[in-house]
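Undergrad: For reference, the chains in residue letters:
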Amino acid sequence: GENVEQHPSTLSVQEGDSAVIKCTYSDSASNYFPWYKQELGKRPQLIIDIRSNVGEKKDQRIAVTLNKTAKHFSLHITETQPEDSAVYFCAASPSGSARQLTFGSGTQLTVLP
Amino acid sequence: EAQVTQNPRYLITVTGKKLTVTCSQNMNHEYMSWYRQDPGLGLRQIYYSMNVEVTDKGDVPEGYKVSRKEKRNFPLILESPSPNQTSLYFCASSSLYDFEKLFFGSGTQLSVL
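Chains as they are written, first to last, in my numbering: chain A, 1 to 113; chain B, 114 to 226.
The shape of chain A in the complex, shown without the other chains (with noise of 0.2 angstroms):
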């Protein structure tokens, strides 16, 4: 089955600055890549996906890009702020959509003021 590696487990910024978020997948047959952010206490929303035919996709300051070379995939937040202080998951499936999907450890990203 499929295999997703997140890094790093906990990342700490100072507003303003740039955060990336990076995972590897094992499954070649993976072609739908989203990421979801998960505030404390709260259930984890959809932020930003990436399908296998595009490299890169923005969304304001969020954007996501695939390697499916090299099997990983990235998220970037620029000129964080302290609510997007909360735990990112990254996510592959083979089935092109929310189904079956197998999620990454998750990443603790913190934004200091």
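Mixed in with the good hints there might be a few duds.
[Said to hold, decoys possible] Keeping only pairs whose Cα atoms sit at most 30 angstroms apart, straight-line, the calculated DSSO-like set for lysine-lysine is: (1) Lys170/B <-> Lys71/A; (2) Lys22/A <-> Lys58/A; (3) Lys22/A <-> Lys214/B.
Just so you know, these hints were derived from the structure itself, not from any lab.
Assemble the complex: chain A is given as a structure, and chain B must be docked to it using the hints.
TA: Below, chain B without anything else, positioned relative to chain A:
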């Protein structure tokens, strides 16, 4: 309001005492799934269901049962809970026609003593 409702929110029980965690969605979603979240391990899929009477094992199904007799409900059953099933559980659903968006319930924190 579109939502996935889990009950109970918190549950403390003892080893071997059967329990059920309920999950209900009001969005007429075909797909429903259960995850457990453990520190350092991310979210791991327990079981999923593509539609009524169709269920499949996820990555960690041992010790769990599910049923999908109605489209809106997808209960998680622990016939004989053990301490290693102490975890935070999330139910999630999505539509087969808007399959990128996975809606999570608010979670159930289970402690098995």
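Undergrad: Does each hint fit the structure? Answer for all of them.
TA: Right, here's what the structure says about each hint:
no.: 1; hint: Lys170/B <-> Lys71/A; verdict: holds (26 angstroms)
no.: 2; hint: Lys22/A <-> Lys58/A; verdict: holds (16 angstroms)
no.: 3; hint: Lys22/A <-> Lys214/B; verdict: holds (22 angstroms)
The structure is consistent with each of the numbered hints, conforming to all of them.
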